[in-house]
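Starting from the known structure of chain Z, arrange chain P on it as the hints suggest.
Chain by chain, the residues run as shown.
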Amino acid sequence: MEVPILKQGPYLIATIQTALHDADLVQLRDAIVEKVGKLRAKGVIVDVTALDVIDSFSTRTLSDVAHMIRLRGANTVIVGIQPEVAFAMVQLGLVLEDVATALDLEEGLSYLHAKDRQGERAVPRRR
Amino acid sequence: MPRTAKVSVPYRDDVEADVNIRTDGDIVTARRRGRILAEQSGFSTTEQVLITTAISELARNILLYARGGMIALKRVVNHERSGIMVVAKDQGPGIADVEKAMEPGYSTSSSLGLGLPGVKRLMDEMRIETQAGQGTTIIATKWRR
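As given, the protein sequences belong to chains Z and P, one line each in that order. Numbering-wise (the working numbering), the first sequence opens with residue 1 and increments by one. Numbering-wise (the working numbering), the second sequence opens with residue 1001 and increments by one.
Derived from the structure by calculation, the hints contain no laboratory data. Incorrect hints may appear among the rest.
Distance ranges between label pairs, derived from CB positions [claimed, not checked]:
id, chain 1, residue 1, chain 2, residue 2, range
1, Z, 70, P, 1080, 21 to 27 Å
2, Z, 9, P, 1091, 50 to 56 Å
3, Z, 118, P, 1045, 35 to 41 Å
4, P, 1081, Z, 70, 46 to 52 Å
5, P, 1080, Z, 9, 57 to 63 Å
6, P, 1067, Z, 119, 43 to 49 Å
7, Z, 38, P, 1078, 55 to 61 Å
8, P, 1132, Z, 49, 40 to 46 Å
9, P, 1039, Z, 34, 24 to 30 Å
10, Z, 10, P, 1080, 58 to 64 Å
Derived DMTMM-like pairs (lysine to aspartate or glutamate); straight-line CA-CA distance at most 25 Å [to be verified]:
id, chain 1, residue 1, chain 2, residue 2
11, P, 1074, Z, 104
12, P, 1100, P, 1125
13, Z, 115, Z, 52
14, P, 1100, P, 1124
15, P, 1074, Z, 52
16, Z, 7, Z, 84
17, Z, 7, Z, 107
18, Z, 7, Z, 24
19, Z, 38, Z, 52
20, P, 1100, P, 1026
21, P, 1089, Z, 22
22, P, 1120, Z, 107
23, P, 1120, P, 1026
24, P, 1120, Z, 52
25, P, 1074, P, 1016
26, Z, 7, Z, 104
27, Z, 35, Z, 120
28, P, 1120, Z, 22
29, Z, 38, Z, 120
30, Z, 35, Z, 104
31, P, 1120, Z, 84
Where a beta carbon is used, it is the ideal one built from N, C-alpha and C, also for glycine.
Only chain Z is shown next, with the shape it has when bound in the complex (with noise of 0.2 Å):
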């Protein structure tokens, strides 16, 4: 099951749509690493609205994405954790160390603005 990735202006949008096996979860991951570079993306939302499980796998992966992602220079976001799968990875002791999050794709894409308004203001200006 191939996760479909959008352009969105300068953003790349994947949305999960279904239970994904890992290598479906491991193949997504490589696409967005590459697309951010051949598309020139400067941000990456990845909305798991769908997901109803989140395990330590998928918690391990969409961190990779994020630390990958930002060594390619771009930001990453995850948004649409439902609030029962929250609660289930906090049961579990999982952890999304430092990886962006919003609750949905609207706060998702604000906070790439940001994001972006911010990296401009630290680019030095010419005089």
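Showing chain P alone in chain Z's frame:
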């Protein structure tokens, strides 16, 4: 082909299942069957997710440590309570030090370090039967509130 009007609701015991765990796809199957059983047993949505997540981790342990095994999903009734029992069985190397395996953060497989203490928190009860070289059986139960 004529369309079937409605999918029939399975008989009570149809939702109990034994799922062989050999590939990562089997983890997804075990999760799905567990979710159906939890739903049919009257667990809340939140509890369904907790049970499903526990099944996922137990199935993952089987693949990781024993390369294969089985997850059995059963209904249980005890006096006035009812619930679900998840039995994860493998013929792998066994757990050398069960007490240590229950310490938070302990794992012999470097990749995923949470495992059993987390599963115990997701469920209500957990029992481990293991013998070096003989395999491991983990029985985890969740009762309806």
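Hey, residue 1100 of chain P versus residue 1124 of chain P, does the alpha-carbon distance stay inside 25 Å?
-> holds (20 Å)
Q.
Just to be careful, I want the Cα atoms of residue 7 of chain Z and residue 24 of chain Z compared with a cutoff of 25 Å; is the pair within it?
A. holds (20 Å)
**Satisfaction of hint between residue 22 of chain Z and residue 1089 of chain P, Cα-Cα up to 25 Å** = holds (21 Å)
Query raised in the report: Between residue 1132 of chain P and residue 49 of chain Z, does the beta-carbon spacing fit 40 to 46 Å?
Result: Holds, at about 44 Å.
- Task: Determine whether the Cβ-Cβ distance between residue 1081 of chain P and residue 70 of chain Z falls within the hinted range of 46 to 52 Å.
- Result: Once the Cβ atoms are compared, 48 Å apart, the range 46 to 52 Å for residue 70 of chain Z and residue 1081 of chain P holds.
Compare the distance between the alpha carbons of residue 35 of chain Z and residue 104 of chain Z with 25 Å, and conclude whether the hinted pair is satisfied. Within the cut-off at roughly 22 Å; holds.
Beta-carbon spacing of residue 1067 of chain P to residue 119 of chain Z - inside the hinted bounds 43 to 49 Å or not: About 46 Å separates the Cβ atoms of residue 1067 of chain P and residue 119 of chain Z, which means 43 to 49 Å holds.
25 Å Cα cutoff - pair residue 1074 of chain P, residue 1016 of chain P:
OK: residue 1074 of chain P and residue 1016 of chain P at ~5 Å, within 25 Å.
Holds or violated: residue 1074 of chain P with residue 104 of chain Z, Cα cutoff 25 Å? violated (36 Å)
| said: Next pair to validate is residue 7 of chain Z with residue 107 of chain Z; report whether the Cα-Cα distance is within 25 Å. | reply: holds (17 Å)
Item to complete: Evaluate the given range 55 to 61 Å for the C-beta pair formed by residue 38 of chain Z and residue 1078 of chain P.
Response: Given a distance of about 57 Å, which is inside 55 to 61 Å, the answer is holds.
Review point. Given the proposed pairing of residue 38 of chain Z with residue 52 of chain Z, does the C-alpha separation stay at or below 25 Å?
Key: violated (31 Å)
The structure fails hints 1, 9, 11, 13, 16, 19, 20 and 22 (numbered hints given earlier, in ascending order).
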